[in-house]
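S.K.: Construct all of the structure, not just a fragment, from the sequences and the given hints.
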Amino acid sequence: MTEVEIQEKYIPKWAVSKVHGNCFVFDITPEQLVDVCSELFHVHQLPIKTVFASQGDIKSGEYYIHYVFGVPVENFYIIPRLLIIGTTEFPSLANSVYPASLYEGGIREMFGLEPIGRPSEAQPVLLHENWPAEIFPMRKDFMDIPLMNGHSKSMEYHFSKVDGEGIYEVPVGPVHAGIIEPGHFRFSMAGERIVRLEAKLGWMHKGSEKMFEKLSPSDGVRLAEHIAGDSSFAHSTAFCQAVEGLGGTIVSDRAQYARVIFGELERLAGHSSDLGFILSDTGFNFGLAQCGRLREQIMQACEKLTGHRFLRGVNIFGGVYVHLRKGEIEELLQLLHGWKKEFEEIIKIADDNSMVFNRLSGAGILAHQVAIDHCAVGVPARASGVIVDSRIDFPYAAYGKLHHEVSVEYGGDVLARFNVRKREVLTSLALINEALQAMPDGEPVSPREMTLRKNSYAVGISEGWRGEIVYVVVTDENGNISRVSLRDPSFLGWHLIPHAAPGNVLLDFPLINKSFNLSYSGNDK
Numbered sequence: 009m010t011e012v013e014i015q016e017k018y019i020p021k022w023a024v025s026k027v028h029g030n031c032f033v034f035d036i037t038p039e040q041l042v043d044v045c046s047e048l049f050h051v052h053q054l055p056i057k058t059v060f061a062s063q064g065d066i067k068s069g070e071y072y073i074h075y076v077f078g079v080p081v082e083n084f085y086i087i088p089r090l091l092i093i094g095t096t097e098f099p100s101l102a103n104s105v106y107p108a109s110l111y112e113g114g115i116r117e118m119f120g121l122e123p124i125g126r127p128s129e130a131q132p133v134l135l136h137e138n139w140p141a142e143i144f145p146m147r148k149d150f151m152d153i154p155l156m157n158g159h160s161k162s163m164e165y166h167f168s169k170v171d172g173e174g175i176y177e178v179p180v181g182p183v184h185a186g187i188i189e190p191g192h193f194r195f196s197m198a199g200e201r202i203v204r205l206e207a208k209l210g211w212m213h214k215g216s217e218k219m220f221e222k223l224s225p226s227d228g229v230r231l232a233e234h235i236a237g238d239s240s241f242a243h244s245t246a247f248c249q250a251v252e253g254l255g256g257t258i259v260s261d262r263a264q265y266a267r268v269i270f271g272e273l274e275r276l277a278g279h280s281s282d283l284g285f286i287l288s289d290t291g292f293n294f295g296l297a298q299c300g301r302l303r304e305q306i307m308q309a310c311e312k313l314t315g316h317r318f319l320r321g322v323n324i325f326g327g328v329y330v331h332l333r334k335g336e337i338e339e340l341l342q343l344l345h346g347w348k349k350e351f352e353e354i355i356k357i358a359d360d361n362s363m364v365f366n367r368l369s370g371a372g373i374l375a376h377q378v379a380i381d382h383c384a385v386g387v388p389a390r391a392s393g394v395i396v397d398s399r400i401d402f403p404y405a406a407y408g409k410l411h412h413e414v415s416v417e418y419g420g421d422v423l424a425r426f427n428v429r430k431r432e433v434l435t436s437l438a439l440i441n442e443a444l445q446a447m448p449d450g451e452p453v454s455p456r457e458m459t460l461r462k463n464s465y466a467v468g469i470s471e472g473w474r475g476e477i478v479y480v481v482v483t484d485e486n487g488n489i490s491r492v493s494l495r496d497p498s499f500l501g502w503h504l505i506p507h508a509a510p511g512n513v514l515l516d517f518p519l520i521n522k523s524f525n526l527s528y529s530g531n532d533k
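In this note's numbering, the protein residues as written are 9 to 533.
These are calculated hints, taken from the structure and not from any lab test. Remember, predicted model here, so these are calculated numbers, not experimental data. Wrong hints could be hidden among the right ones.
Claimed, not checked - Label-pair ranges, simulated between beta-carbon atoms: (1) G199 - I400: 40 to 46 Å; (2) K218 - G370: 41 to 47 Å; (3) K218 - I357: 47 to 53 Å; (4) A23 - N138: 38 to 44 Å; (5) I337 - I400: 24 to 30 Å; (6) E70 - H234: 27 to 33 Å; (7) A23 - I337: 45 to 51 Å; (8) A446 - E352: 21 to 27 Å; (9) K17 - H331: 38 to 44 Å.
Ideal Cβ positions, reconstructed from N, Cα and C, are used throughout, including at glycine.
M.R.: Rendered as C-alpha cells:
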C-alpha cells in the first residue's frame, strides 16, 4: 500500500499524521480516543501491539500515551498519540479494547497516570505493594528522588477471595523448587479441582526500560539480550530492527539470512526443552532425557558457531558479527539432518504412549475466544486456533523470501500446545536448511555508522520461540534514544493461564504451566 492509501483506509480524515519510517503517528484528544482505537481494533481488526506512555516537557506536565496497532502483511504501524497536559488522568480504553487494560495498569504504576473508567483491577502489574506510593520510576525526574525517606506504601495486596462451602486456598511460591525464577500462585480449590487461579508477578522487575534511557544504542543491544535470557537473540533482533529503522541502516542480504538461521536455532533449543519437560510432567522421563540431549546438541552448535550458547553478542546494527563459512554450513546441515531423524523417533515413541496422551488430552484448555480477546500470541494462540506468526504477518530478516506455514491446532489443551511445538520444530529445521542453501555471498554486516532520526519512532518485531516480541524506540530532539517500550510475549501469556487452569485438578497445574512455559523475567522486565 502507498502512503496515500494507508491514510485513506486507516487514519481519520480530520487527523494530520506524520510518517516515521513505517510508523504513522497522529494526535488524538481524550474525546476521540475510544472511537479511533475501537475502529482500528474492531472494524479494521488490527492487532494492538502495545500501549505505552512517555513524558514530554517536564515543566508543563506533558505526557503522551501511544496506542500501537500493526497492519499485518503490509508491515507498518498506526500509532494514535494521546497528549495529556495539566492532569494525571486519561480515559481508559479497556472497556472497548480489553487488552489495553494490561498496559494501562503498567502506565499507572510507572508514570502515575490514572486510567479513568478502567475495570476495577487494583492488583499491581510489576511494582509490589511496598513500593512508595508517590514515586513513579519512568518519570524523567525519578533518579533525583530519594526512595525510602518517609514515603508511604502504595497499597495493601489482597488476593481475590472465592466464597463457598469447602473452598480453601493453596499458596505456591514465589520461591520454587529447582532454579526457576520467582512467581506466586494462589489457588482457590474445591476438593481437588481448581476454582480460581491468581498469579502475582513482578518479583524479577529490573527497571529495564529505564535503563535503556541511560545507555548508548550499542549497549542497548546487550541489555535487550538479558530481558529473557533464553530468548536473547529474538530480543536483540527486535531491538536492532527498531534502531536500524531509526538510522536508515540497511541490513546486508547475507545477514538477513543469518538472522533467520540463528533465530530458528534458538527456537529449536526452546521447543525441544519444552517438549522434554512436558513429557517429564506426565511421568515419561525418557522424553525429558532425550529432548534434553537434543537441546544440548543445538546449544553446543550455537557456541561453536558464535562463541555463545545463548547467541549473545551475535546481533549488531546492520547485521551479525558471525561470518558463516562453507565448512561451518556443511557441518551444521549434517548435524541437523541427523538431529531431525532422532527427534522424529523420540516423538513417535511419545505419541505411541497412551499415558502421555491421556495426561495431555483435555488438560488446561484455553478457549479460542479467550485467546482472541486477550490478543494471545505464540504457541498458546496457535494451539487455540488463532493464526498469528510475526514471521509471516510482519516479515523481517529473510522470512519474506522463505517458505513456511503457520502451525495451528484447535483443541486449546496441553496436547494442542505440545503438537504445535512438534510441528514448529520441523518447520524450523526446514527454514534453516532453506536459508543455509539460499544465503547469498557477501559481508555479514553493512557499514554501521548511522545517525538516528530526531523526534521519531520505530517499531521492531520478532517471533521468539514463546511468541511475538515488540520493541518501540523513540528519539528526542537531539536524535538520542529517549524511550524504549518493550513487550515480551509472556506479558500477555501470564494473563491466559488463569483462564486455562480452572476445572483441572491441582496436580495437572505443573503440566499446564509448562505447556505455556512463560518467562518470569520477560514479563517483569
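S.K.: Against this structure, judge whether each hint is valid.
M.R.: Outcome of the hint check:
Checked against the given bound of 40 to 46 Å, the beta carbons of G199 and I400, roughly 44 Å apart, stay inside it. In this structure the hint that K218 and G370 lie 41 to 47 Å apart at CB holds, the actual value being about 44 Å. Checked against the given bound of 47 to 53 Å, the beta carbons of K218 and I357, roughly 48 Å apart, stay inside it. Look at A23 against N138: about 43 Å separates their beta carbons, and that is inside 38 to 44 Å.
Distance hint check: the CB atoms of I337 and I400 are about 25 Å apart, consistent with the given range 24 to 30 Å. Distance hint check for E70 and H234: the Cβ-Cβ separation is about 31 Å, which falls inside the suggested range of 27 to 33 Å. The supplied range of 45 to 51 Å is met by A23 and I337, whose beta-carbon atoms lie about 49 Å from each other. At roughly 24 Å, the beta carbons of A446 and E352 sit within the given window of 21 to 27 Å.
A hinted range of 38 to 44 Å holds for the C-beta pair K17 and H331, which are about 43 Å apart.
In summary, the structure agrees with every hint in the numbered list given earlier.
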